[in-house]
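Engineer: Starting from the given sequences, assemble the full structure and let the hints guide the process.
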Amino acid sequence: MSKSYVITGASRGIGLEFVRQLSTVATNQVFAIVRNKSTSTKLIELASNNKNIKILEADVTDYTQMKAAASEVSKDTGGTLDVLINNAAYIDPNHMGWALTDYEHGDILQKDLLDAFSVNVIGVIYSINAFINLVKAGQTKKVITISSGIADPDVQWASGFYQGAPYAISKAAVNLAVTKYAIQFKDEGIIFLALSPGYVDTAEEPLTPQAIADKEGQIAALRKVVPDFKGPLTPEESVSAQLQVIDGITLEATGGFISHHGDKNWL
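Counted the way my numbering counts, the sequence shown spans residues 0 to 266.
For the record, the hints were derived by calculation from the structure and aren't laboratory data.
Just so you know, even glycine gets a beta-carbon here, dropped at the ideal spot from N, CA and C.
Misleading hints may appear alongside valid ones.
To be verified - Subject to a maximum C-alpha distance of 27 angstroms in a straight line, what follows is the list of computed BS3-like cross-link-like pairs (lysine-lysine):
| # | residue 1 | residue 2 |
| --- | --- | --- |
| 1 | Lys-66 | Lys-179 |
| 2 | Lys-36 | Lys-53 |
| 3 | Lys-66 | Lys-36 |
| 4 | Lys-214 | Lys-135 |
| 5 | Lys-214 | Lys-185 |
| 6 | Lys-41 | Lys-214 |
| 7 | Lys-214 | Lys-263 |
| 8 | Lys-2 | Lys-223 |
| 9 | Lys-41 | Lys-110 |
| 10 | Lys-263 | Lys-229 |
| 11 | Lys-50 | Lys-36 |
| 12 | Lys-185 | Lys-2 |
| 13 | Lys-263 | Lys-179 |
| 14 | Lys-223 | Lys-179 |
| 15 | Lys-135 | Lys-110 |
| 16 | Lys-74 | Lys-36 |
| 17 | Lys-2 | Lys-74 |
| 18 | Lys-2 | Lys-53 |
| 19 | Lys-223 | Lys-135 |
| 20 | Lys-185 | Lys-263 |
| 21 | Lys-41 | Lys-74 |
| 22 | Lys-185 | Lys-135 |
| 23 | Lys-66 | Lys-53 |
| 24 | Lys-2 | Lys-214 |
| 25 | Lys-50 | Lys-135 |
| 26 | Lys-66 | Lys-41 |
| 27 | Lys-135 | Lys-53 |
| 28 | Lys-223 | Lys-185 |
| 29 | Lys-135 | Lys-179 |
| 30 | Lys-229 | Lys-214 |
| 31 | Lys-53 | Lys-110 |
| 32 | Lys-53 | Lys-41 |
| 33 | Lys-110 | Lys-74 |
| 34 | Lys-66 | Lys-185 |
| 35 | Lys-135 | Lys-66 |
| 36 | Lys-74 | Lys-53 |
| 37 | Lys-110 | Lys-214 |
Claimed, not checked - Label pairs and their calculated CB-CB ranges:
| # | residue 1 | residue 2 | range |
| --- | --- | --- | --- |
| 38 | Asp-246 | Glu-103 | 43 to 49 angstroms |
| 39 | Gly-247 | Lys-135 | 17 to 23 angstroms |
| 40 | Phe-228 | Glu-187 | 36 to 42 angstroms |
Structural biologist: Encoded structure:
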């Protein structure tokens with residue numbers, strides 16, 4: 000059965016891999032939303048070899064642009080959408096190793112928090128609101144928001160990882176937003192899910208010494224939770240596992256926050 004998919008944040012990493020894997024099914028319609036099409040070279044190359052991929056330019060933090068993107072999708076699908084995947088996210092790699100008390104200047108702390116919240120929470124809400132009527136008319140009726148295991152307070156306690164707060168706080172907030180939507184639309188048969196992709200290596204360029212140190216610190220913290228943790232997944236491994244979860248999720252599980260394993264095993 001052919002399905003239609005919208006993926007935000009599709010220019011690189013996990014989003015690009017979603018586009019790649021979904022487009023291998025020739026009957027699928029795959030709509031890749033990016034903030035800047037001109038710099039999405041890998042996506043453009045992929046789309047040039049796959050006629051079932053359409054690239055749309057829109058910033059998830061701009062509601063007008065997201066509604067325009069939804070209008071474009073509607074023209075191609077006849078007013079329906081089967082699966083919306085909210086993948087676009089923001090994280091400041093320069094401050095991932097900071098604790099909240101490391102912000103000596105309030106304006107920097109405020110900017111990090113607001114930037115994370117703008118993309119990771121408001122951007123998701125804009126995306127859902129823009130596409131919800133198409134999802135209602137779809138057959139599969141699934142809205143997937145890519146979250147993170149670090150939004151689980153139990154993981155924070157077990158790992159002792161108190162750094163990277165703006166990102167973690169924003170992901171915890173969007174999980175609750177997913178719950179709100181799930182409650183609102185359960186009677187209409189729409190499935191909402193916050194899905195952690197696992198710990199995925201999406202780096203496309205060499206890391207700075209500070210970024211390397213921060214990453215090593217994160218891995219060390221995660222090994223406090225899972226001692227035999229072997230290291231990051233590739234985007235291909237993560238997306239393959241996530242798609243199995245997405246395909247199998249039912250209305251009984253709507254509003255959940257689970258991992259690419261389909262449970263609370265975040266790694």
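Engineer: So which hints don't hold here, by number, going up?
Structural biologist: 4, 5, 8, 9, 14, 15, 19, 24, 28, 31 and 33
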